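Engineer: Each chain is listed here by its residues.
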Amino acid sequence: MNFRQAFQSLDLPKLSRWGAMIGAVSLLIALIIFLAQEKLTNEAFAALVIGVIGLGAWMLIAPDELRGWLSGRQIYYGTGTVVVTVIFVGLVSAGYAVVQRQQITGDLTTYQKFTLDNVSIDAVNRLIERMNQVEQSGTEADGSPLKITAKIVGFYPRSQLREREAADIILRQFVNAGKGKIKVEYIDPDENPLQASRYGYGLDSASGSTIGPLFLTLVDENDDTRGFQPLVIGEPNERNISTQIVQLLVAGQFKVYFITGHIEDEITSEASLGLSKAATGLTDGLGIDVAELDLSQVDAIPDDASAIMIIAPQTDYSESDIAKIDAYIQQGGRMLIAADPPYVDSRLTSGGNNQSFLKDGLFNQYLWHEFGVRFREDIVSDPLSSTEDSDLNLVVQQFSSHAAVANFPNTSPIFSLVRSIELLEDTSAGVPEPDTNQGKYVRSPLLGSSEESFAEFGLPDADGNYSLTLINLDNPTDFTEGVDIRGPLTIAAAIQLPLEDQQTVTPRIVLVGDADWMTNQLVSQAANSYLLQSLVDWLIGSADLVTPPAASRPDLLPVTVSNQERSRIQLITLILLPGLVLGAGVVMWGTRRRN
Amino acid sequence: MRNIWTVYKRELRQYFVSPIAYLVMFAVLLLIGLNFNTDLQDRANFEPADGTVVLSTFAFLMVFFAPLLTMRLFAEETREGTLELMLTMPIRDHELVIGKFLGAWAFYSIMLLVTLVYQGILLSLTNFDPNPALLQSELDLGPIIGGYIGIWLFSGATIAIGMFFSAMTENQIIAGFLSMAVLFILWVGDLAGLLPASIVSTRVAEALRVISLQSHYSTSFLEGVIRPEDVYFYAAVMFIMLFVTTRLIESRRWR
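These protein sequences, in sequence, are chains D and P. 27 is the number of the first residue of the first sequence in our numbering; add one for each residue after it. 296 is the number of the first residue of the second sequence in our numbering; add one for each residue after it.
There could be a bad hint or two in this list.
Stated by the list, open to error - Covered, in the sense of this in silico footprint (three residues per stretch, anywhere, with C-beta under 8 Å from a C-beta of chain P), are these stretches of chain D:
hint, stretch
1, 56–69
2, 121–135
3, 586–595
As the list claims (entries may be wrong) - The list that follows gives simulated cross-link-like pairs (lysine to any residue, SDA-like), each with its CA atoms no further than 25 Å apart:
hint, chain 1, residue 1, chain 2, residue 2
4, D, 65, P, 493
5, P, 304, D, 619
6, D, 139, P, 300
7, D, 65, P, 499
8, D, 139, P, 527
9, P, 304, D, 65
10, D, 139, P, 440
Claimed, not checked - Here's a subset of chain P near chain D, in silico, CB distances under 8 Å, partners left out:
hint, residue
11, 324
12, 342
13, 441
14, 489
15, 494
16, 521
17, 528
18, 531
19, 534
20, 538
Worth flagging that the hints you see were computed from the coordinates, not collected in a lab. Keep in mind the model is a prediction, meaning the values are calculated, not measured. Think of the CB as a built atom: it goes at the ideal place given N, C-alpha and C, for glycine as much as any other residue.
Given the sequences, and given the hints that come with them, work out the whole structure.
Structural biologist: The following block contains the structure:
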């Protein structure tokens with residue numbers, strides 16, 4: 027049989043039908059690839075070519091079949107069915123879009139996990155009020171009315187579509203409460219790295235955790251943030267979101283000055299003993315403006331100072347400096363002093379010589395005379411609550427119920443080389459000294475060392491004089507009866523006027539016997555960061571102005587199962603229940619066989 | 296309505312005289328029981344009880360077991376020739392489809408009701424606060440109630456899809472396999488975003504999530520949240536599949 031005979035013996039119409047089927051399948055594959063990748067890839071193009079060739083061959087070889095198919099009853103009825111079905115599916119899909127837009131959520135959870143509580147609703151209402159005020163007070167560049175919207179931006183890569191959906195449930199509650207003034211936008215950080223970087227989304231190299239995924243910002247009608255720095259919300263839950271709304275509300279209302287000029291730690295320093303992280307925590311976390319202030323360069327502390335911070339001074343303050351501070355405090359000023367032990371501090375190894383708040387120092391005398399409180403010249407040694415690194419690294423264990431440290435989380439702050447604080451009430455007399463203002467103020471211990479601790483006033487030298495400078499890793503602290511003081515010791519204290527005297531001015535002072543806990547090396551500890559925020563919150567009184575954010579929902583208790591109960595449950599669920607069903611099946615099967 | 300009721304009763308009865316229905320129920324209960332006990336053991340003294348474990352297991356098993364129960368609905372009738380007979384009876388196509396669907400759904404509902412035993416066990420294990428003003432169980436009932444509503448709708452959708460494939464072919468195995476494959480795709484569609492962008496674009500991954508059976512269940516009903524769009528989604532899948540199945544049955548008259 028030659029080639030011509032072989033070709034004539036082929037059933038071409040049958041082959042073309044196969045070609046048509048293969049072609050139709052290829053076209054379908056091409057369509058799927060095109061839809062999935064949203065572009066005509068090589069694979070899609072190849073499938074398209076195969077489809078066209080297959081179907082084209084069938085049309086050329088068997089045109090009668092094509093004609094018959096097009097005019098047959100299957101096409102006649104089938105087309106109608108397809109059209110009706112497409113219309114039906116289209117209508118149902120359109121209905122889905124309409125229902126979805128309603129943003130309605132029914133919350134069945136016991137603790138109303140997905141329903142905003144009054145605190146959050148109050149925060150949202152205040153935010154709306156604030157945005158309305160801003161809108162009324164300004165216009166767009168072209169003179170058109172200003173329209174401000176709060177926008178929650180969520181950065182979710184494509185691999186986290188599910189997490190995005192879960193977040194959306196709580197976010198839509200805020201959108202609904204916002205009455206059109208709060209909107210949500212989701213951005214894929216991989217597709218929009220520029221936006222992600224603009225908001226600061228990404229890995230925090232210091233903590234190793236992700237910054238985000240949610241951020242809160244304000245935008246105008248053109249989606250412009252108008253220079254507003256987005257606030258980090260973090261994980262999507264009601265507390266985080268309402269906290270940041272509250273921060274947005276207080277933003278710009280408070281300003282804290284860090285005093286300089288006495289070799290204090292600096293907020294611009296990113297070194298391990300710098301305060302850059304603490305400053306960032308205050309600005310980003312609490313919406314508080316921070317600035318440095320050299321007292322020698324000003325006549326008085328500025329009026330916009332919500333509080334002043336004196337962190338780790340190494341020299342004493344002059345009379346002029348103290349006079350400025352006193353004038354500020356008498357007008358209701360707020361002050362936080364964090365001081366390291368004298369002569370030595372965490373700079374021990376680098377031969378530091380801290381001369382601040384010595385017993386006879388001007389500033390310490392001022393504090394004692396005016397407020398009945400002062401720093402001791404000691405180092406607190408606490409073997410019970412020390413860290414593994416050193417017995418001088420102290421883990422705070424005693425918290426008072428004072429508002430400044432109330433509701434502290436389960437973890438404790440970590441201090442390094444702490445000095446104790448002496449309150450008037452600690453002295454043998456315990457009563458205000460004559461010609462002082464000590465009686466005007468209320469002193470409250472905030473943090474304390476353990477019962478096992480003691481105040482080390484120094485080790486004896488060859489002449490029998492006690493000196494703190496002799497203490498180092500080779501010569502550790504050692505309690506000396508009659509020289510050192512047994513704990514517990516106050517390591518942080520708050521001073522304020524009694525409630526009845528707070529009508530006109532309400533000065534507040536916090537003293538902490540260590541400054542290292544605030545520095546870059548330790549402030550990243552969750553409890554240290556919380557302590558800073560908590561103390562500053564109390565000092566500036568932001569908690570008095572805005573309602574605190576919603577507390578987290580109470581946790582359910584773990585389920586308890588005894589061995590006996592476990593065996594009984596296994597019997598019911600693994601043997602009785604399936605066994606009953608299987609038994610019923612066997613009975614039914616037997617009955618049917620008999621019939 | 297009377298015709299639907301007649302078909303419904305017939306279908307439901309069929310399940311109770313079919314050994315495969317009992318085998319499916321046995322397997323489902325055994326597998327859920329295993330998962331339930333493992334989960335309880337893991338949680339004991341560490342975490343609160345979670346009644347939704349039973350439901351998420353049930354939902355996943357439905358992807359594989361639902362086709363086993365729906366594959367015979369039309370395929371068997373077609374193979375045995377009884378469907379032709381039924382089509383000659385004074386009964387409309389949609390009544391036949393709805394009746395069969397409701398019969399299958401009722402059987403599933405019964406199977407679902409049996410799983411309440413597990414919730415009863417969990418409730419018996421949880422303690423109550425002695426303070427009457429704070430009488431709250433350690434078991435959050437919200438996600439359980441939401442989960443049952445969701446899974447009931449979810450199984451309705453899986454049955455409707457399974458029934459559609461049963462009407463497509465007279466071969467039960469093919470019908471079962473096709474519906475299992477489609478249900479599995481619709482189940483894992485929830486995870487479409489995990490595929491590389493070179494295979495599926497983000498927009499398509501999002502679209503796949505919208506039509507995924509799992510995404511309308513796991514992040515809402517199972518969390519104790521009822522969203523109208525999720526209820527609508529399952530209802531829409533049921534309506535669309537029943538509509539298309541009716542058209543398929545109807546096409547036998549002119550094919």
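Engineer: I'd like to know which numbered hints this structure contradicts. Please list them from smallest to largest.
Structural biologist: The structure conflicts with hints 6 and 9, although it agrees with all the remaining ones.
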